[in-house]
Every structure is written in C-alpha cells, then in structure tokens.
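Since each chain comes alone in its own frame, lean on the hints to assemble the complex.
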Amino acid sequence: MRYVRITAILSAVVFLLVGIVSVHAQDASPSASSAAATASPSPTPEVFDFNKAYKDYVFVTDQYNVAHSTYVLARSQYFQAKTLASQAKAQDATAKMLIARDDVMKAYLVALRLRLSETDGVSDTTKQGLFTRIDTDVAFWKTHHDRIDSAASLQDLTSDSNSAKLHFPITETLSYEVLSTIPQGKEFVLRNQLADLLSQTKTKISKIRANGDLDTSESERWVLQTDQKLTRSQDKEIAAQDLISKLTSTDPTNTNQKKSVIYGQVTQTLVDSLQYLKEASSYLKEVLKRIKYK
Amino acid sequence: MDPQNQNTGVVSSAPTVPPVATAPVVNLPNSSTSVPSNPAVAPQNPTASPNTTAVNTKGGPKKLNIPKIDPKQIPEMLKKVPRKFKIMGGFVIVLFVLLILASFTKQGRQVKELILPSPSPIPASSPVGEVLNPTQYATDQEVLDIEKALTEFDSKLAGTDLKEDSLRVPNLDYVVDFTKQ
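Protein sequence lines, in the order shown, are assigned to chains D and F. Each residue of the first sequence is one higher than the one before, counting from 1 in our numbering. Each residue of the second sequence is one higher than the one before, counting from 1001 in our numbering.
One chain only, chain F, in its complex shape (with noise of 0.2 Å):
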C-alpha cells in the first residue's frame, strides 16, 4: 500500500507517484515548531530593523556592522587626527561662521539674492480681445484730439479730492473759567 494513502485507506490503482520534493525543515533554536527555511515561504521578522538587517544576495538577513562611538572616546579620537585636518577643519568652521554673519547683513542679503535662480516664466497664453474694425473716422484728428483731452480730463477727475480735511476748523479750547475746579 501507498504510504501516503495509509491513513484515508484508500487503495489506489494508479501508477505511484514520487513524492514531491519539499523544503528543508530548519529547527530553530526556542521554537518548538519546524519552519521551513525557504526564504519565500519563511514568514518575515517584523521586529527587524532596517539599520540591522540587510537582504543578501544569498538569501536570509545579514547585521550590518556599524561600530559603536563612545563619547567619552572622542577627545582621544580627535587627539589621534593629523594635525594638518584639524587646521583645515578649524579654518573651514571660521570661513562657515563668517559666510553665516555675512547672510545677515544688508548687502550679503543682495549677494544672496544674486546668487539665487531667477524665476523662470511661466508661459501662457494671451486673452484674444475683441477684434475691431476701423473705420475711416479711427484716424481722424479731430477724434484723437477729443480722445486725447478726454484722457486728460479722466487723469484730472481721479486725482481730485473734494474734502479739505487739513483744513477742518481747528478745535480749540474756549472753556477759561477760574471760579470753579
């Protein structure tokens, strides 16, 4: 009988098949159940950090080994940098210093403003206004001349202001009494 169908108890007549090729069990270490270890069927540790694990190429996570900076640690690291970096560096620091206090004032302000892009134009297209057709009076110097003066009387007739206020009647104290408080 077909081990595989021991346990329904069916007899199968049919030529036997050879059993189909299945992953690897893993056990792991404090896990009382097997998982296989196909990385397409393992489910995914949802605690793994970014930083931590990386995908490799093999396949299965792979710890990234980012050394861990003490802060006490940093005078002697600086003490071990050659001398020449530390010059440079200093130097680069007094230039980012002064770059900043020159932003600030007025005309670092303009050098700034210099020194950004300009906007460039945004295309659009223009309104077709009303077409007109002249007619032989368009040209006729009589109606420009009136055209002319009456452009001037508009100028004229926005820039009038009706309303003296400067000269509102000064508001005086005329109350002089020394008889009572």
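Chain D extracted, bound-state conformation (with noise of 0.2 Å):
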C-alpha cells in the first residue's frame, strides 16, 4: 500500500511538469493568434509609388533571369543540332529573351523616375529635364519591345538586340545621372537644415551678446568654425557636381571612362561632404552647451 501511495505521489509530479510546459507552449501562442486577429481585411488603394515601381522591377528581372538562362540553352542546343526544329526553337527563346530585357529596362527606368520625384532637393527644373529625358528612353525600350514580335528570323532578333545594344549607353548614361542627383538633392536639404539651425543659433548670441549677461565671445568663435564646416561640405558638393557633368560630356577624355566609376566618384564626393555636416552638427551642440553651461 505504502508504494502504491508513492507512486501516485510521482505520477502527480509528473503531470504537474506536463502541464508547465503545457502552459509554456500556450504563453508562447497568442503572439501569432493576436497577430492574425490584428490583420485587418479591408484592403487599402495601392498607389503607384517608388516601392510598387521598385517591386515591378524585380519581378521583371526575375523573369528575364529566367528567359535568359532558356535562350541560353536553346541557342547551345542549335548550334549543336543545326536543326530546324533546334532553329524555330532558338529563335522563340531569343525573341522571349530581348522582350523581357526590354521588360526591365523600362521598369527601371519608371522605378528611376519615382525615385526622383519622391527626392527633395533638386530644383524642378533639372527634375523636368531628367523626367522628359526618362520618358523618351523608356518610349525607345517601348518600341523597341515592339518590333520584337514582328522579327521572323534569328538574323532579324540579331539587329533588333543590336539596336538595343547601341541605345544602352544612352539609358546607362542617364540612369547614372539621376543616381547622382538623387543624393545631391538629399544632401542640398540637410545642409539647407543645418545652415537654418546655425542661423537661428547666430541670432541667439548676438541677443545674448546685446543683454551682455553672459559671456560670448567663444560662442562666437565656435559658430565660426562650423560656419567653415559648412562651406567645406557645399565645396565637396560643387565637386560633385563637376564629377556629374563629366558624365554627359562629350568630350573624349571623360568618355572613355566607366561611367560606373564616375558614379563611384560623385558619391564618395558626397559622403565627404555629408561627413562635414556631420562635424559641423557635432560643433553646433558644443555652442548650445556654451550657451547653457557655464
């Protein structure tokens, strides 16, 4: 009896843990359950911003990837075969290829051109020469997607990619340009934001100074120095926007460079520049504590 008494004893113990790591799994739960219970059915109207056009992008490239790797296989297979059934093959799988390269051509270009009219900083009207420039390249991918379907040989998908191939430096030239703006827009707004708050800082002190309550002349000097910053970081700008120019010139020592690397440059431009504004923050706070803290 007693070892009966015993054993119930540790089955009690037993269903006892049981039920903690019950309780455990259900703790664990209602985040999920809440979440579902949270998700609201009505749908919202999408609008047609950057982050759609940027979605559409990658849905379009994945495509091509995959329109490409069968062109690629078809036109091993031909040149394997020399069939006719090989050739018809080939020349379907290349007309899918250069459809949906066209397909991401325009969608990068319109996903571009969100991008720059959601970016504060650039004046309208380098916006509405790049927009209209945008619009005309993506007219030319258009068309160019059009006249696929009307090649009937693999000579005549041969000139229609040729076509596209001399236009692309066009595109890239353009793409890089708008690359470049962008930043130069964010990059023209926070230094219009600092120079606003050292302004206001500026006015302070010389209220300060006027009262001759409190000593300023450090102050001063300080807001002199981030004054320095400041046009430190706007020369880092103008650099910048030497370096863009040099990726529409025509002249031949700019083209032979890799407008890749040009774009490479502009940007390491600006980050220098925004590393000014940066120290010129930094210095801005230090006056503000001089002003507060003895």
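These are calculated hints, taken from the structure and not from any lab test. Incorrect hints may have been included.
Claimed, not checked - Selected chain F positions facing chain D (Cβ under 8 Å, derived; list incomplete):
id, residue
1, E1164
2, S1166
3, F1178
As the list claims (entries may be wrong) - List of simulated lysine-lysine pairs, DSS-like, C-alpha gap at most 27 Å:
id, chain 1, residue 1, chain 2, residue 2
4, F, K1180, D, K89
5, D, K52, F, K1163
6, D, K55, D, K142
7, D, K55, F, K1156
8, F, K1156, D, K285
9, F, K1086, F, K1068
10, F, K1163, D, K55
11, D, K258, D, K165
12, F, K1180, D, K165
13, D, K207, D, K294
14, F, K1148, D, K207
15, D, K82, F, K1180
16, D, K236, F, K1163
17, D, K294, F, K1148
18, D, K202, D, K127
19, D, K127, D, K258
Backbone N, C-alpha and C fix where the C-beta goes; we use that ideal spot for every residue, glycine too.
Structure below.
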C-alpha cells in the first residue's frame, strides 16, 4: 500500500511537469493568434509609388533571368543540332529574352523616375529635364519591345538586339546622372536645414551679447568654425556637380572613363560632404552647451 | 666502568645517568634490519593506497573492508531486491528520462531558464560626470527649440544613405550572335 501511494505522488509530479510545459507552449502562441486577429481585412488602395515600381522591377528582372537561361540553352542546342526545330526553338527563346530584357529596362527607368520625383532638394528645372529624358528613353524601349514580335529570323532578332545594344550607353548615362542627382538633392536639403539652425543660433547669440549677461566670445568663435565646416561641405558638393557633368560630357577624354567609376567618385565626394555636415552639427551642439552651461 | 663509555675508553667521573628510554624495536618479517615501531619515527609506506588504508586513532594503518562485487553476481543480487523497490527504481528512471527529454524541447528550456537563478547585480560605482553650472539661458525656450531641432536633424543625418545600391544599372546580356558559337 505504501509504495502505491509513493507511485501516485510521483505520477502527480509528472503530470505537474507536463502541465508546466504545456502552459509555456500556450504562452508562446498568443502572439501569432493576436497577429492574425489584428490583420485588417479591408484592402487599402495601392498607390503607384517608388516601392511598387521597385517591386515590379524586381519581378521583371526575375522573369528576364528565367528567359535568359532558356535562351542560353536553346542557343547551345541550336549550335549542336543545327536543325530547323532547334532553330525555331532558339528563335522563340531569343525573342522572349529580348522582350524580357526590354521590360527590365522599362521597369528600371520607371522606378528611377519615381525615386527622383520623391526626392526633395532637386530643383524643378533639373527634375523636369531628367523626366523628359527618362520618358523618351522609356519610349525607345517600348518601341523596341513591340518590334521584336515582327522578327522573322534569327538574323532579324540579332539586328534588333544590336539596336538595343547601341542605345544602352544612352540609358546608362541617363541612369547614372539620375542616380547622382538623387543623393545630391538629399545632401542639399540637409545642409540647408543645418544652415538654418546655425542662423538661429547666431541670432540668439547676438541677443545674448546685446543683453550683456553672458560672455559670448567663445560661442561666437565656435560658430565661425561651424560655418567653415558648412562651407567645406558645399565645396564638396560643387566638386560632385563637376563629376556629374563628366557623365554627360562629349569630351573624348571623359567618354573613355567608365560611367560606373564616375558615379562611384560622385557618391564618395558626397559622402565626404555629409561628413562635414556631421562635424558642423557636432560643433553646433557644443555652442549650445556653452550657452546653457558655464 | 660505565658500559656506555667502554668503546671510547673515557673514564667519566660524573654521576651515573640512567639510560634514556628508547623506542621498542620490532622485527619486520621480511627485513634484516630492525625499525622502531613508534609511528612518529617509523617511515611511511609510500605505496599505501588512501582507499585501502586509514590512520587509526590508536596509531597504525588499518585496512577498510570494501566488499568486491563480481559482475556475474549482479542479476542474482537484483533478484534478491524487494519488488516494491524495483518498481520505484524503474519509475524514477522513467521520470529521469522524461525530464531529460523535456529539457530538450523549447518549452522545457524555458522552464529550465525559469528555474535558473537570476544573476545577482554587481555593485559598481557610477562615474561622476563633469559638474556644470547652468546659466540663465539653460531653460531659454529659443535655445531649447534649437537644441531639439538639432537632435532631430542628427537622427535624420544618421539615417541618410547616399548610395542607391538597389537601383544600380541592370547588368543584362546584349551580345546576341548566332553566327559563331
């Protein structure tokens, strides 16, 4: 009888442990159930903004990758077999690849256009000029896309591809120009904001000096140093602007340079400019600290 | 003549001193020499195992009587164990296995973490910062506004990414040629 009681107690302990484990399992699950409960069933109207355009771009890029793989295989089989069937298959795969390629370029340019339109700090004149060029370029890829269906042979498709190849440097230059203009706009906005804060600080220091209840000589010196940092930041932005002009230049010494390399130089120069802004902001904080504390 | 001075041949005029009591000499069975039986003087046996010998309170090593278990006898010994102990032992083993298995599950780990003691806080002296005396402009609204705007600007500055890496020009295949492989 005694060991029956002990067995019963041990059983109770086991059930208790199993209970604790199951309670923890239930504790872990409410987050998932609450997330499902909070999911709103009402659909919101989707705005065609940069995020949507970028998703489209990623989608068509995936489609292009599939079409390109099929094209590479069909081309290889055509060179091996040299039959009419393999030729027809290669023609079909090439046409699909060229269409997908044009779709990628169109989607890319649309995403780029929306990115530019959502960027502050770029003047309307610059924006409109770039928008017009982007629209013209999109029109080229659309026309090219529509023409591929009429290609009757592999030679026709090769010719169509070559026309796109000849146009690509124009699209590449335009793309890098837009890609360089976007960070320049961001930089411009930030510098203007900091210049505004610096101006407010200068005004405040002038008032304090007029009151004569606090020594502002040190603060004024530091404000001058902050101003110098802002000037250096602006100098870097001007240097970036010069580099951007190299992208569109017809000068043969500049055309030999790869556009991607020039774009890299532009972004690096703008990063340097941003660093000066960070330093200026740090200086301004010290100025305010000097005003607040002895 | 004093028998102690017989070898030296020196005749001592001093009064006779009784011989110093020496330790009794014990003859070991396999030894040709005699050693004193006093434990303080007797050399310790370097090969003596701590498990098999123990120092007796009366002095002298004593062997512990540990029974040797023959592995062949284990089943017979188990048969002699009462049935209730066998059942309880089996139950304890099952419980132990269950606990080990439960400790491998996610919830089991959570239980283990609950059981573990929380680390006790280590007292540390907080560094004393620079003591600054506020000026009359420390609470000035204009200064505070500029400071707030500057903090917001800093967070914006830190979150700015100038490189549009996701929008690099797509690298596509523009070489379509069916004249050569």
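Verification of the hints:
1. E1164: Cβ of E1164 of chain F sits 5 Å from chain D, so the hint holds.
2. S1166: S1166 of chain F check passes; min Cβ-Cβ to chain D is 7 Å, inside 8 Å.
3. F1178: Since the shortest Cβ distance to chain D is 5 Å, the answer is holds.
4. F:K1180 / D:K89: Holds, because 17 Å separates the two Cα atoms, which is no more than 27 Å.
5. D:K52 / F:K1163: 20 Å, holds
6. D:K55 / D:K142: The given pair, whose Cα atoms are some 19 Å apart, holds under the 27 Å limit.
7. D:K55 / F:K1156: 25 Å, holds
8. F:K1156 / D:K285: Distance ~15 Å between K1156 of chain F and K285 of chain D Cα, so the pair holds.
9. F:K1086 / F:K1068: OK: K1086 of chain F and K1068 of chain F at ~23 Å, within 27 Å.
10. F:K1163 / D:K55: 19 Å, holds
11. D:K258 / D:K165: 16 Å, holds
12. F:K1180 / D:K165: Given pair K1180 of chain F, K165 of chain D holds - Cα atoms ~18 Å apart, limit 27 Å.
13. D:K207 / D:K294: 18 Å, holds
14. F:K1148 / D:K207: At roughly 20 Å apart (the allowed maximum being 27 Å), K207 of chain D and K1148 of chain F satisfy the hint.
15. D:K82 / F:K1180: 12 Å, holds
16. D:K236 / F:K1163: Satisfied, since the Cα-Cα distance of roughly 16 Å is no more than 27 Å.
17. D:K294 / F:K1148: 20 Å, holds
18. D:K202 / D:K127: Distance of about 34 Å is beyond 27 Å: violated.
19. D:K127 / D:K258: 24 Å, holds
Comparing the model with each earlier hint shows a violation of hint 18 alone; every other hint is respected.
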